[in-house]
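Can you make the complete structure from the sequences, with help from the hints?
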Amino acid sequence: MPNPSLNSVGKRVGRLNGPDIVTGRTLYADDIQLQEMLHGRVLRSPHAHALIRSIDTRKARKLPGVVDVITAEETDGLSILARKEVRYQGDKVAVVVAENPDIALDAVELIEVDYQVLGSATDPFEGIAPNAPVAVRGAKNEDVRDENGKRYRNVAARDEIVQGDVDAAFAKADAVVENIYRAPYWHQTYMEPNSCTAQAQPGGRVTLWTSCQGSFNIRSAVADALKIGEGRLRVVPLEMGGGFGAKNRLFCEAHAVFASIRTGRPVKILINREEEFLDGHPAPGCWVRLKTAARKDGSITAVEGRILWDGGIGGRNGNLARLVGPYNVPNIRLEGFGVRTNKPTPGAYRAPGAPQTAMARESNIDALAHKLGIDPIDIRLKNAVRKGDRTSGGVTLPHDWLANTIKAAAKEARWGKTGLKKNQGMGIACGDWQNGSGPTNAFIALSEDGSVQVLTGQVDITGLHTVMAQIVAEVLTVPVGKVTVQLGDTDKVPYTSLSAGSKAAYSAGTAARKAAEGARERLLQEAADILEAAPADLELKGGKVSVIGLPSRSVTVADVASSAMDSNDGPVTGQWIVGKIPTYPSYSVNIATVEVDPGTGRVHLLDLVAAQDVGRALNPMLVEGQIQGGATQSIAYGMMEGMIYDEEGRVRNANLLDYAIPTAPDMPDIRTVLVEEGCEHGPYGAKGVGEPPIIPGAAAVANAIYDAVGVRVTELPMTPERVVAALDQARED
Amino acid sequence: MTHDIELTVNGVAHSVSVEPRKTLLSVLRDQLHMTGTKEGCSTGDCGACTVILDGKTVTSCLVLGVEADGSDVTTIEGIATCEELHPVQEAIVEKGGVQCGFCTAGIIVSSVALLNENPKPTPDQIRRGLAGNLCRCTGYTKVIEAVTDAAKKIKKPARRKVSKRK
Numbered sequence: 001m002p003n004p005s006l007n008s009v010g011k012r013v014g015r016l017n018g019p020d021i022v023t024g025r026t027l028y029a030d031d032i033q034l035q036e037m038l039h040g041r042v043l044r045s046p047h048a049h050a051l052i053r054s055i056d057t058r059k060a061r062k063l064p065g066v067v068d069v070i071t072a073e074e075t076d077g078l079s080i081l082a083r084k085e086v087r088y089q090g091d092k093v094a095v096v097v098a099e100n101p102d103i104a105l106d107a108v109e110l111i112e113v114d115y116q117v118l119g120s121a122t123d124p125f126e127g128i129a130p131n132a133p134v135a136v137r138g139a140k141n142e143d144v145r146d147e148n149g150k151r152y153r154n155v156a157a158r159d160e161i162v163q164g165d166v167d168a169a170f171a172k173a174d175a176v177v178e179n180i181y182r183a184p185y186w187h188q189t190y191m192e193p194n195s196c197t198a199q200a201q202p203g204g205r206v207t208l209w210t211s212c213q214g215s216f217n218i219r220s221a222v223a224d225a226l227k228i229g230e231g232r233l234r235v236v237p238l239e240m241g242g243g244f245g246a247k248n249r250l251f252c253e254a255h256a257v258f259a260s261i262r263t264g265r266p267v268k269i270l271i272n273r274e275e276e277f278l279d280g281h282p283a284p285g286c287w288v289r290l291k292t293a294a295r296k297d298g299s300i301t302a303v304e305g306r307i308l309w310d311g312g313i314g315g316r317n318g319n320l321a322r323l324v325g326p327y328n329v330p331n332i333r334l335e336g337f338g339v340r341t342n343k344p345t346p347g348a349y350r351a352p353g354a355p356q357t358a359m360a361r362e363s364n365i366d367a368l369a370h371k372l373g374i375d376p377i378d379i380r381l382k383n384a385v386r387k388g389d390r391t392s393g394g395v396t397l398p399h400d401w402l403a404n405t406i407k408a409a410a411k412e413a414r415w416g417k418t419g420l421k422k423n424q425g426m427g428i429a430c431g432d433w434q435n436g437s438g439p440t441n442a443f444i445a446l447s448e449d450g451s452v453q454v455l456t457g458q459v460d461i462t463g464l465h466t467v468m469a470q471i472v473a474e475v476l477t478v479p480v481g482k483v484t485v486q487l488g489d490t491d492k493v494p495y496t497s498l499s500a501g502s503k504a505a506y507s508a509g510t511a512a513r514k515a516a517e518g519a520r521e522r523l524l525q526e527a528a529d530i531l532e533a534a535p536a537d538l539e540l541k542g543g544k545v546s547v548i549g550l551p552s553r554s555v556t557v558a559d560v561a562s563s564a565m566d567s568n569d570g571p572v573t574g575q576w577i578v579g580k581i582p583t584y585p586s587y588s589v590n591i592a593t594v595e596v597d598p599g600t601g602r603v604h605l606l607d608l609v610a611a612q613d614v615g616r617a618l619n620p621m622l623v624e625g626q627i628q629g630g631a632t633q634s635i636a637y638g639m640m641e642g643m644i645y646d647e648e649g650r651v652r653n654a655n656l657l658d659y660a661i662p663t664a665p666d667m668p669d670i671r672t673v674l675v676e677e678g679c680e681h682g683p684y685g686a687k688g689v690g691e692p693p694i695i696p697g698a699a700a701v702a703n704a705i706y707d708a709v710g711v712r713v714t715e716l717p718m719t720p721e722r723v724v725a726a727l728d729q730a731r732e733d
Numbered sequence: 001m002t003h004d005i006e007l008t009v010n011g012v013a014h015s016v017s018v019e020p021r022k023t024l025l026s027v028l029r030d031q032l033h034m035t036g037t038k039e040g041c042s043t044g045d046c047g048a049c050t051v052i053l054d055g056k057t058v059t060s061c062l063v064l065g066v067e068a069d070g071s072d073v074t075t076i077e078g079i080a081t082c083e084e085l086h087p088v089q090e091a092i093v094e095k096g097g098v099q100c101g102f103c104t105a106g107i108i109v110s111s112v113a114l115l116n117e118n119p120k121p122t123p124d125q126i127r128r129g130l131a132g133n134l135c136r137c138t139g140y141t142k143v144i145e146a147v148t149d150a151a152k153k154i155k156k157p158a159r160r161k162v163s164k165r166k
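Respectively, the protein sequence lines represent chains A and B. Quick note: the first sequence, position 650, residue 650 per this note's numbering, numbers continuous. Quick note: the second sequence, position 144, residue 144 per this note's numbering, numbers continuous.
Simulated from the structure, these hints should not be mistaken for lab results. None of the hints are false.
27 angstroms max Cα-Cα, derived BS3-like pairs, lysine-lysine: (1) 371(A) <-> 407(A); (2) 411(A) <-> 11(A); (3) 84(A) <-> 62(A); (4) 11(A) <-> 153(B); (5) 22(B) <-> 62(A); (6) 371(A) <-> 417(A); (7) 11(A) <-> 544(A); (8) 407(A) <-> 421(A); (9) 59(A) <-> 22(B); (10) 22(B) <-> 56(B); (11) 120(B) <-> 153(B); (12) 11(A) <-> 152(B).
If you want the ones that stay clear, here's a sample from chain B, every Cβ over 12 angstroms from chain A, calculated: (13) 3; (14) 8; (15) 15.
Keep in mind that this is a model prediction, so the values were computed, not measured. Every residue gets a Cβ at the ideal spot worked out from N, C-alpha and C, and that includes glycine.
Listed below in structure tokens is the structure:
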């Protein structure tokens, strides 16, 4: 609901840089073209796991146009290229630097590598078996044992949550559900493959242009990888063609910087789509066994289980509390393993780990509801965290945010009131995410014509700068069109954290508001001199400062800004640096309506309602867009997406034909509901909105399939084959 | 070994010397320095590199430069006039049909080609018309809304200056 007292905040303002984007003027990382620029290309391992016996680069070096060939040998002890062991298909073995990309490609094919192929672990369940192949030689693993005392393989990390008396709760339960769920590696599949260009300068500094979610993060990571000081690097972030968490981390930036330092010329490295799939930072898959107990009245009394995260070579673990989710559960016994597998270490993908765990948690809750004869909405309302409850993130809730979001979704979807036909069904699922906050900034200066220039280090991922402009315009009472926002590189602004974890608008929006309030104070002070009145007697309204009660005694913002240029205190400016701000969780609820063809197993999504507790929408159009996009990604994980690894650990679908993502005809219009109940610390009551939309979609589809045809599909994606298999199984049972 | 080709891009004639393995996309981006057309996959699956070639949309990553000899090409840079956005461009901004913007050039080129052939498409026809253009950010809802809106406005001469914004 728009707040009538606000002029810019809460309005459906189109992207301020939209005209540049829609005319093709906006520069993305691969659009950078420099004089004398060289092109780098990476030679990658064709094997999931192998030892390198030898590398012969002689033929490649002789190819005309090749300027440099870099292997581990040339890196002086750095760990940016494989030395003795390649650990996944796509692991980097060498970099060729050449006069053009085609020569670089030709030269890569001339490098001869002698591999000794080793056994590989590509599935977390099989990968922990005591006799499974070792995924990474010499890696430090946890000593965790099976029931026979045999040590599990490849367990890089282990954690647990133990609370209450789980066994007693299961003994007393009226209904118990236990299922095993599986989810595959899931690629963010942003449309822009990563590209970066490095230019070494005389004196030792290097400028790096790249597509990233945080320039300072990239600067730190490159400095670490190359063992150089951060001050030697200037990282210039460009408009980002999608990241969803993957572009928090390095692709080939360190390699481009290293190659540029060696050659003394600018070096561009473009990752192609196949390389994105082989050596990106996709979301992890997992294997989950989850057992949930409830009483007759629907109250969930216990959760017990184990999750094995498919953790890639880093064996990355996840957040175990997500298996409990936004519900009050007194008795918990959960165990989580981060399992090393011969795949690239997973990265962040919008609400990392939440969609996978929501699939298991929300499916079990749905199954309990059906067993007990309780409406799936009611069982969630019964157990939802409420006002006064303390969340797993340590926040005491001031409102019934989740319950109100469930009710809003049910109302929009006309839950229980729609006439569903045979083989049609509706399913609901919920998700929660506590947004982050982090160091960020806003610097504001007013020009003589009253226009406002804002500088920030916060990368704009889906309209952040437009929202910052709306906030600044609101405070200074000028039209949004008078405000421009520029993204500063690491030489121009102080340390700024990632645009990730739903924190950019929350944190940088706060910086914009506080900086604008500072500029406003300075504006009133300057106007007080002009109007010969005390600042306290002045008001700023509609782009004018006037004496309260004497509207004829006024001066425009432009006149004040102009006059300030010659004043003793100088130009009108404002600035604010944010460190951390307290944050709250936010909630998303999806209700999916599907039709299942029992003959083919094909699931057709008829309707999707996506409700979200957003605090306040700073720009409802942009918020709706994020919700629709996130929900689509989750639905796609539910129905069609997943990386397929064969028995040798090779990716079988490393292109956009075989790794299909939704096209326009695949999707219905997504109906969004914004629940706006405010939030104490966010700018104008806003919460972060980017992560929650992706959490519940897959689980909502799973529950809708059950409602439609009475079978529970427990492996993502829920392809026609799996739906048919589940139907066949049900007939046999 | 290169081949000399001639092609018209956005109404301007160009003579280019191209290697036989270079794609039309590469000719546009690397030789003519028109970087508005994007490379998303290089296998013809994503549609980010869509251009209009002799009246029909193509993925320019699957057309060789030499094949485009003698052709008339329209790219994203040729959709707006210097002063005015095309109604599709305007609607994409105003209706929130752009997020990261990387697929946007292709989506706009495909939409303009669709509206040239079918000025009053239904939402389903728009969805089919954009089936070759992947977008990962929007879920398509607002893109379809924008193209529907543009189709309505296209009859009226309601164009807006490029520099103006709301």
